[in-house]
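Asks: Each chain is listed here by its residues.
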Amino acid sequence: MANVTLDTVRKTYPNGYQAVQGADFQIRDGEFIVLVGPSGCGKSTLLRMIAGLEDITDGNILIDNTVVNDVDPARRDIAMVFQNYALYPHMSVRQNMAYGLKNQRMPKSEIADRIEEAARTLRLEDYLERKPGQLSGGQRQRVAMGRAIVRHPKVFLFDEPLSNLDAKLRTQLRAELKALHKRLEATFVYVTHDQVEAMSLADRIIIMSAGQVEQIGTPMDLYLRPASRFVADFIGSPAMNIVHGALADDQASVVLADGSALRLPLAVNAAAGTKVDVGVRPEHLEAVAPEAAQFQLTVDFVEQLGADTVVHGYQKGVENPLALRLTGIHALDAGEVLSLAASADHLHLFDSVSGQRLN
Amino acid sequence: MKRVQFSRPLFPYLLLVPQLSIILIFFYWPAAEAIRSSFYLEDPFGFSSTFVGFDNYHDAVTGSEYGNIAHFTLVFTGLVAFFSLSLALLLAAKADAVIRGAKSYRIFLMWVYAVAPPVAGLMGILLFDQSLGPLTQLAEFFGWDLRLGVNYWDTATAMIVISVWKQVPINFIFFLAGLQSIPRSVREAAIIDDPSSVSRFFSITFPLLAPTAFFLLIINITYALFDTFGVIDIVLKGEPGNNPITLVYKVFLDGFRGNDLGGSSAQSVILMVLVLILTVFQFRFMERRVHYS
Amino acid sequence: MTDVQSTMAPQSTQRRKPIKWRLIGDHAILIAGSLLMLLPVLMVLTTSSYDNVTIHKEGIQFLFGDQLVENYQQALFEKGGFTKTVDGARMLMNSLILGFGFAVGKIVISMMAAYAIVYFRFRFGTVAFWVIFTTLLLPLEVRILPSYEVVQSLGMLNSFSGLIIPLIASATGTFYFRQFFRSVPEELLEAARIDGAGPLKFFVDILVPLSQTMIAAMFIIMFVFGWNQYLWPTLMTTDESMFTLVRGIKQIMQVWIGANIPDYGLAMALAIIAMTPPVAIVIFFQSWFVKGLTESDK
Chain C
1 MANVTLDTVR
11 KTYPNGYQAV
21 QGADFQIRDG
31 EFIVLVGPSG
41 CGKSTLLRMI
51 AGLEDITDGN
61 ILIDNTVVND
71 VDPARRDIAM
81 VFQNYALYPH
91 MSVRQNMAYG
101 LKNQRMPKSE
111 IADRIEEAAR
121 TLRLEDYLER
131 KPGQLSGGQR
141 QRVAMGRAIV
151 RHPKVFLFDE
161 PLSNLDAKLR
171 TQLRAELKAL
181 HKRLEATFVY
191 VTHDQVEAMS
201 LADRIIIMSA
211 GQVEQIGTPM
221 DLYLRPASRF
231 VADFIGSPAM
241 NIVHGALADD
251 QASVVLADGS
261 ALRLPLAVNA
271 AAGTKVDVGV
281 RPEHLEAVAP
291 EAAQFQLTVD
301 FVEQLGADTV
311 VHGYQKGVEN
321 PLALRLTGIH
331 ALDAGEVLSL
341 AASADHLHLF
351 DSVSGQRLN
Chain S
360 MKRVQFSRPL
370 FPYLLLVPQL
380 SIILIFFYWP
390 AAEAIRSSFY
400 LEDPFGFSST
410 FVGFDNYHDA
420 VTGSEYGNIA
430 HFTLVFTGLV
440 AFFSLSLALL
450 LAAKADAVIR
460 GAKSYRIFLM
470 WVYAVAPPVA
480 GLMGILLFDQ
490 SLGPLTQLAE
500 FFGWDLRLGV
510 NYWDTATAMI
520 VISVWKQVPI
530 NFIFFLAGLQ
540 SIPRSVREAA
550 IIDDPSSVSR
560 FFSITFPLLA
570 PTAFFLLIIN
580 ITYALFDTFG
590 VIDIVLKGEP
600 GNNPITLVYK
610 VFLDGFRGND
620 LGGSSAQSVI
630 LMVLVLILTV
640 FQFRFMERRV
650 HYS
Chain B
653 MTDVQSTMAP
663 QSTQRRKPIK
673 WRLIGDHAIL
683 IAGSLLMLLP
693 VLMVLTTSSY
703 DNVTIHKEGI
713 QFLFGDQLVE
723 NYQQALFEKG
733 GFTKTVDGAR
743 MLMNSLILGF
753 GFAVGKIVIS
763 MMAAYAIVYF
773 RFRFGTVAFW
783 VIFTTLLLPL
793 EVRILPSYEV
803 VQSLGMLNSF
813 SGLIIPLIAS
823 ATGTFYFRQF
833 FRSVPEELLE
843 AARIDGAGPL
853 KFFVDILVPL
863 SQTMIAAMFI
873 IMFVFGWNQY
883 LWPTLMTTDE
893 SMFTLVRGIK
903 QIMQVWIGAN
913 IPDYGLAMAL
923 AIIAMTPPVA
933 IVIFFQSWFV
943 KGLTESDK
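For the protein sequence lines, the chains are C, S and B, in the order given. According to our numbering, the stretch in the first sequence is residues 1 to 359, in order. According to our numbering, the stretch in the second sequence is residues 360 to 652, in order. According to our numbering, the stretch in the third sequence is residues 653 to 950, in order.
In short, the hints are calculated from the structure, not lab data. It cannot be assumed that every hint is accurate.
As the list claims (entries may be wrong) - Dumping the calculated DSSO-like pairs for lysine-lysine here, alpha-carbon to alpha-carbon at most 30 angstroms:
no., chain 1, residue 1, chain 2, residue 2
1, B, K943, S, K596
2, C, K182, C, K108
3, S, K462, B, K902
Stated by the list, open to error - Facing chain C, from chain B, some residues (calculated, C-beta under 8 angstroms):
no., residue
4, A684
5, L688
6, L690
7, V693
8, D718
9, P837
10, A843
11, D847
12, G848
13, A849
14, L852
15, K853
Treat the numbers as computed from the prediction; the structure is a model and nothing was measured. Think of the CB as a built atom: it goes at the ideal place given N, C-alpha and C, for glycine as much as any other residue.
Whenever a hint applies, use it, and build me the whole structure from the sequences.
Replies: Below, the structure is given as structure tokens:
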């Protein structure tokens, strides 16, 4: 088990494209870290650099406090689970798991023990002699995991391992992964573009955009206090409502496009007149008396999800459509006007230009 | 190339040594030699040679026969490519449409791929034989006095028929594969949009097959130019006389029978240029073809 | 609803299935095409079972005669040609050596080269690529005379190496394997590297087993190609004991000229013998062969 440190790691491709622009963080021993972001944000490149499959242009990667920049992938004491599993199609499940260990010249009896142990953990005992082609998607995924487990690596690396599975299986394997992490007490680095996966699995999330780390924190940190508009928008579904405006002179309200004002019950450290984006999550809006309202939402259409009701609507002076999430079943008609407000700690204020958090 | 590659100092060179040395000795050396000797005139006994510039080319192209042979090669290539492609396309479209017996038809229509051109030629001259050939008798039934090896165009007909027979299977294989790679959903959408199977074939299926057809066209031209040598040599029984021959056959005749090294080489180089143009054309097209899929 | 169904039902049972004329047309065309391919060979096969006099008098035969065994025995075991040193069995052996040697040599050499080109980053990699793939541009036929002279000057006339190696000097196999290797998922190499496999191990443990189907398909295509060579063996081999079957066809033709009653039966038997092995391989392994042929052109 080990920690992983990235010290101003950069990756620039020969064509000049900067895939990763200075990643700087430490992953603690036994931590479940999820790297999340939209496709092309550099998260996979980062993972592959930790694995040693991709050279780093600048900076240092340390595993267990040792610089591994030039160490061969096979000698970094890591294991990786690939998105398409990358199982050797001509080898049986047992041979797939044994291949890496054989190359380490491990004694046969120990290889057998390790495979047996992994097969038991992953409930693969009955499939050991099968070829990958004879297995279902979920089973192949488990074999890929088994191939990683038998190595007893210091760090497990996962590159979108669940994205090729259907929704139900994904939920099930998510729970299994979480349990596996608990049992192995190993360091997990997990890449995904799915924010739900990130939220449910991670001890800490590293959220990336355009080659840069946007925020590092626990799932609740990211949800409750997103450091930037990008993070606010990426985490949570339906996405956070964003209202464009400018900070009024009293610094306690925001002037919207049509000149109306939106009251802000919070302290803001920015100059009057600054263009700002106000964010509030759909589930944090509450119905209030019309005179206490921050928002006047005109209902457009309603999604009945059973446990929740999501109301979509619009407000004069606000460019973006707005959403409201209510618990339980509610019947609302199009055209109805709702008076809504959110408490101070559920309002987020971002600089329109830089996207950075202002409150 | 691969995103991740090995970088070892020596290993890749070791892997390449056999291929490169064979290619250098048996491809580049002869090719260079052909170009060199096309500019030289060798005396009949091979003792000396003199540089003559483009004389060999000039002599070759202006020779009385060359125009005729080039003309025949063009006609021959065009007819062989046209008939073997269209026949194969018809059969492939039908083989793709039927379900019962599809497998047997496929075998019956493709196995001739494995028959060598000279063997096809031998069978051809038996079937076109003056006294016992059933095809000669068939021609006679239609009032055509077919005389293989005597009449110029009768011989040409036999060459074309044999060459087409030999080439249909490979075209069939590619056309059928092309047809089967058209997604089921596209066909079904077309069936809903267009009730006529004939117009469906020309408006949907054929455009989707166009890349395959183009690829095959080049293959067929190359085949008719070069690989029919065996057919022609056997049909002529090695003695062309007044019968039609193709450009490649003339290269062979001048070089090995006529001992005209320079002239034969000059003709080789002309053919090289021709093939080069064809292949570059094909590569350019194949590059663009990537966007289709 | 039940009413409607009960009134509809008798009608629909009465209605006859329409005759599918189009389907019949399709089958007719396919049967005609199959016969076109089959009949010439069948005629040669049946006629090859008669003696020369019968054939000469009565022409092509459509049923088997009584000379089948004799003609094939003669074709295989009676020494023929000008020098009477070669029989069909010897030519069959030579054809097998040519087909097999060519296929194996080509596969081994082109797999190695394709592996280097696809999986390694090295100086002159691009140069090597172009040197190899330029050979796709020019078939052997257009450089036949100088190739002959090179082989002659190396003293390789009338030898199997002279017969086989120059035929390998083209990049078709390398091209096919390159295309195939490029289609192998990248992650497989990455997984193998994490599993500690070096270049040689990856090639032997992963890539070669993965290429099995491709190798089989290549083998069939190359075997048929080698077996069916005509022009090159015709030039290369003057010694009759080196003749292949396909090369031997020409010899028969030359003995034929001027003969009173040509050796029809023998010629036909030899033609059948010459086509049987490659045809059998293609039919027997047709799925591999078709896959290799059509998937490698992409």
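Asks: If a hint holds in the structure, say so; if it doesn't, say that too.
Replies: Tested hints:
Of the pairs offered as hints, the one joining B/K943 and S/K596 is violated, with about 37 angstroms between alpha carbons and a cut-off of 30 angstroms exceeded. For the hint linking C/K182 to C/K108, the alpha-carbon distance of about 28 angstroms falls within 30 angstroms, and the restraint holds. With a CA separation close to 35 angstroms, the supplied pair S/K462 and B/K902 exceeds the 30 angstroms bound. For B/A684, the interface hint is violated, since its Cβ never comes within 8 angstroms of a Cβ in chain C; the closest pair sits about 41 angstroms apart.
With a cut of 8 angstroms, the hint placing B/L688 at the interface with chain C is violated, because the nearest CB-to-CB distance is about 40 angstroms. At its closest, the beta carbon of B/L690 sits 37 angstroms from a beta carbon of chain C; the interface hint therefore is violated under the 8 angstroms criterion. With a least beta-carbon distance of about 39 angstroms to chain C, the hint placing B/V693 at the interface is violated under the 8 angstroms criterion. For B/D718, the interface hint is violated, the least distance from its beta-carbon to any beta-carbon of chain C being 52 angstroms, above 8 angstroms.
Because the beta carbon of B/P837 sits about 6 angstroms from the nearest beta carbon in chain C, less than 8 angstroms, this interface hint is met. Nearest Cβ of chain C to the Cβ of B/A843: about 4 angstroms, under the 8 angstroms cut. The hint holds. Because the beta carbon of B/D847 sits about 3 angstroms from the nearest beta carbon in chain C, less than 8 angstroms, this interface hint is met. Interface hint status for B/G848: upheld, as the beta-carbon distance to the closest one in chain C is roughly 3 angstroms, under 8 angstroms.
Look at B/A849: its Cβ gets to within about 6 angstroms of chain C, closer than 8 angstroms, so that hint holds up. A hinted interface residue such as B/L852 counts as satisfied when its beta carbon comes closer than 8 angstroms to some beta carbon of chain C; here the least separation is about 12 angstroms, so the hint is violated. Checking B/K853 against chain C by beta carbon gives a least distance of about 7 angstroms; that is within 8 angstroms, so the hint holds.
Hint compliance for this structure: hints 1, 3, 4, 5, 6, 7, 8, 14 are not met, and every other hint is.
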